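There are 2 protein chains.
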Amino acid sequence: MDLESYWIDKIKTPYIGDDGAIVEETIYAMDAFWEGTHFKKEWMSIEQVAYKAFIVNLSDMIAMNATAKYMLVTVAFPKNIKKKVVKRLSQELSKLAKEHKIDILGGDTIGSDKLGIVITMIGESKNPLSRDKLNNGDLLAYTGDLGSVKQDLELLFDGERIPDNSKFYRPILREDFIRAVTPWLSAGMDISDGLYCDTNKLLKINNLYMQELKIIPSNIGESGEEYEMLIAFNPKNLNRVKKIAQLTNTPITIFGRVINKESELYPCGSQHF
Amino acid sequence: MDLESYWIDKIKTPYIGDDGAIVEETIYAMDAFWEGTHFKKEWMSIEQVAYKAFIVNLSDMIAMNATAKYMLVTVAFPKNIKKKVVKRLSQELSKLAKEHKIDILGGDTIGSDKLGIVITMIGESKNPLSRDKLNNGDLLAYTGDLGSVKQDLELLFDGERIPDNSKFYRPILREDFIRAVTPWLSAGMDISDGLYCDTNKLLKINNLYMQELKIIPSNIGESGEEYEMLIAFNPKNLNRVKKIAQLTNTPITIFGRVINKESELYPCGSQHF
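Chains A and B are the protein sequences, given in the same order. Offset between the first sequence (1-based) and our numbering: plus 101. Offset between the second sequence (1-based) and our numbering: plus 101.
No wet-lab data here; the hints were simulated from the structure. Being a predicted model, the structure only gives us computed values, none of them experimental. There may be inaccurate statements among the hints.
Note that identical chains are pooled: a pair holds if it fits in a single copy or bridges any two copies.
With a straight-line Cα cutoff of 35 Å, these simulated DSBU-like cross-link-like pairs (lysine-lysine) come out [unchecked claim]:
#1 Lys305 x Lys362
#2 Lys141 x Lys202
#3 Lys196 x Lys170
#4 Lys141 x Lys180
#5 Lys305 x Lys183
#6 Lys183 x Lys113
#7 Lys302 x Lys180
#8 Lys170 x Lys113
#9 Lys183 x Lys302
#10 Lys305 x Lys343
#11 Lys302 x Lys184
#12 Lys142 x Lys196
#13 Lys215 x Lys184
#14 Lys184 x Lys142
From just these sequences and the hints, can you work out the full model?
Next up, the structure:
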């Protein structure tokens, strides 16, 4: 068991399991974006770091069909950071918060060897999309194209550059689609650890299994940090889901059917580099 | 201007200024407790680190007359940390949350060179105590005894040991006092950067000044991380405040009177080591 799973196991709280925690109509999520854990300094400008830290938290809100309202931000500044860079970071976060009508409520700063951002985001949803209501017989699908992030990460590790519009820098979130389709879904989550690992997670929480309807090659299934959506729905809603996908320009790929008969899970290795 | 003040200045949000942010009856606070910024590893056991990270956030809630309800926790684990230590940390945080009837809603983990904990705490208050309603003529007072934390920190820096009940490890929070006295106060905040710096902060926010009623020596005024309370009240409430202090076993020291005539502020240097 990796350290994160071990920690989650030990901290024992009924809330952990979804992208965010649901308390009545409020959704809470907290995600870090940290040099050495999630990125290397030479890969990204300070604006790209701020953007990604923001967007992975926003993704948790969208994945739960919530509207983000507030955020708190703790930033770890390396000792030698220039004020100019601090200013650019704060400007980017302020701009993103403003664009998404999110109020920044506060936070903290620390001195550190590494640059890092921890964000807590708080949103509202009258109809949250969770992971725990998967049903036997549901169809499993994912949005968009998967695989490019794994490819781009490999290039980054090889010291190559990747384009500014790479989904590693600019994930595509599916807000309009999720908002419209949630009433027809039984479960949903964002794909942060890769389709293989996240599908397993979804199945395990519900104590269910899957029959493959489409073979997913490893370059697609192992691509993490995609922030596309993994969704599940009753086959009777297939036409509605397809229609909403079409109306919101959201490609979807159906790849599995949920079964209750024990069967093999996807291979899922380590989830972070 | 230090980096934290610069950051706060640039991030520009009307919420920053109090120990927590007030949104209707909900109070939000986020504080980090980080190796290298707030402590050295050899100073503290993992339980003491967990306790202090928890208590500095709880202090923000109490300082605003709020009851903590929820928390999210992000932990930075050094690469070589033992599972046993991770377990002790999670047990201590779970225990503290349970004791204070706080639900842990989630969080994140990162790999890091340093050990660190970032907590977001969310509380409720129907009558929050803020910093911005100070009045000309108010009396300024602090709770408890100040100075021992500065002394203990100096010992720690000299490589000495300090007792387990040092207020550096176990700050004394004034929950009962603050809950009872809030209706009679005009402003309050916890003393984290030292009485000198925090008094200046309180006065500056309100564009007011102070006349010393009692000379505060620097070993008291410069002692940070005390987490005692700095309070202000109309002199007509003096007897009530004194009575509540007595009933809750809370020593208070009146040291100043708020004036609107420009006068010298306390000396306030760097606020973190």
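Comparing the hints with the structure gives:
1. Only within a single protomer do Lys305 and Lys362 lie at most 35 Å apart by alpha-carbon distance; the minimum there is 13 Å, versus 67 Å between protomers.
2. Taking the shortest alpha-carbon separations for Lys141 and Lys202, only the intra-copy value of 30 Å comes in at or below 35 Å, while the best inter-copy value is 39 Å.
3. Taking the closest pair of Cα atoms, Lys196 and Lys170 come within 35 Å of each other both inside a single copy (15 Å) and across two copies (30 Å).
4. In this homomeric assembly, Lys141 and Lys180 come within 35 Å of each other (Cα to Cα) both inside a single copy, at 17 Å, and across copies, at 16 Å.
5. When the C-alpha separation of Lys305 and Lys183 is checked against a cutoff of 35 Å, the pair qualifies only between copies, where the shortest distance is 27 Å, while the shortest distance within a copy is 46 Å.
6. Taking identical chains as interchangeable, the C-alpha atoms of Lys183 and Lys113 lie at most 35 Å apart only when they sit on different chains, with a minimum of 19 Å there against 41 Å within one chain.
7. Taking identical chains as interchangeable, the C-alpha atoms of Lys302 and Lys180 lie at most 35 Å apart only when they sit on different chains, with a minimum of 25 Å there against 38 Å within one chain.
8. Proximity of Lys170 and Lys113 under a CA criterion of 35 Å is satisfied in both settings, with 27 Å inside one chain copy and 17 Å between copies.
9. Taking the closest pair of Cα atoms, Lys183 and Lys302 come within 35 Å of each other only across two copies (25 Å); inside a single copy the shortest separation is 41 Å, beyond that limit.
10. Proximity of Lys305 and Lys343 under a CA criterion of 35 Å is satisfied intra-copy only: 26 Å inside one chain copy versus 58 Å between copies.
11. In this assembly of identical chains, Lys302 and Lys184 lie within 35 Å of each other by CA distance solely across copies; the values are 22 Å between and 42 Å within a copy.
12. In this assembly of identical chains, Lys142 and Lys196 lie within 35 Å of each other by CA distance solely inside one copy; the values are 22 Å within and 37 Å between copies.
13. Taking the closest pair of Cα atoms, Lys215 and Lys184 come within 35 Å of each other both inside a single copy (16 Å) and across two copies (23 Å).
14. Taking CA atoms no more than 35 Å apart as the test, Lys184 paired with Lys142 passes in both settings, with 17 Å inside one copy and 28 Å between copies.
Checked against the numbered hints given earlier, the structure satisfies every one of them.
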